[in-house]
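Every number in our numbering is 28 more than the matching position in the sequence shown, counting from 1.
Note that these hints are calculated values from the structure, not bench results.
None of the values given here were measured: they were computed from a predicted structure.
Honestly, I wouldn't trust all of these hints.
Stated by the list, open to error - Label-pair restraints from in silico Cβ distances:
hint : residue 1 : residue 2 : range
1    : 149       : 58        : 17 to 23 Å
2    : 177       : 141       : 35 to 41 Å
3    : 92        : 246       : 23 to 29 Å
4    : 160       : 213       : 30 to 36 Å
We treat Cβ as the ideally placed atom computed from N, Cα and C, and that holds for glycine.
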Amino acid sequence: MRFMFVGDSMTIGRAGDITWRYRMWQHLSASFDGPFAIVGPRTELYDTGAGAPLSSAYGAEDFPAPARRHLSGWGEGWLHMAPLIAEAAAGARADVLLVSLGLIDLGFYTDSDQTAANVRAFVAAARTANPAIRMVLLPVIPNIRAESDAPFAAEVARFNELLAKAVADLDRPSSPLLLASHPPTYDIHVDTYDGTHPSASGEHKLAAAFADALHQGWGLGGPYGVPVAAAQEGPVR
């Protein structure tokens, strides 16, 4: 089974980060019953100094090069990924998309209705690449901006409602969709290093959200094996 991570800055990570992608790869390596691969057209981390995705300096040295593949980008959202997903999924022969997008859309590019329309365009495009493709979609986690910007917080809440509706509308037996649960104990003041991007504990909680959706929804893998409340190893900034 071939998994592709699709996301924004929370998923690509920056130079020196371990990333939740690594945590998910660890989980699949320990719990998945059968062969699997991580696929995608990109491998780099974002280099904040260069302002571009040019770094290969992952914080986990045991993260093998093939498992570093992804389709994610700093400052990229549903708006950007919808036109790319068909070619990327076809080229990588992806079976399962693990998608964390939307915050950047709502913050800079599109309102909740427009963002939801891009979700639907993304799903349709992915299915042109693989009519049997599966997708797990994570709701937007409100970041620190939502604490002081009430209209933005309202747009995030409305989009998450529209995302849930899109998953219900577009789910089909031949190409199932799952809505992952918002990590129940996620605290942006503890689980991020800047109010948005995950720290070590946040990485574990994001991975757990996808792992538990896969396990509970489709019987893939097992429950997430790291106690997230105690998972503080790695660079916490």
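Checked hints:
For the pair residue 149 and residue 58, the supplied restraint of 17 to 23 Å is violated, since their beta-carbon distance comes to about 35 Å. Take residue 177 and residue 141: their Cβ atoms lie about 18 Å apart, and the range 35 to 41 Å is violated. Distance hint check for residue 92 and residue 246: the Cβ-Cβ separation is about 25 Å, which falls inside the suggested range of 23 to 29 Å. Range check, residue 160 to residue 213: Cβ separation about 34 Å, and the 30 to 36 Å hint holds.
The earlier numbered hints that this structure contradicts are 1, 2.
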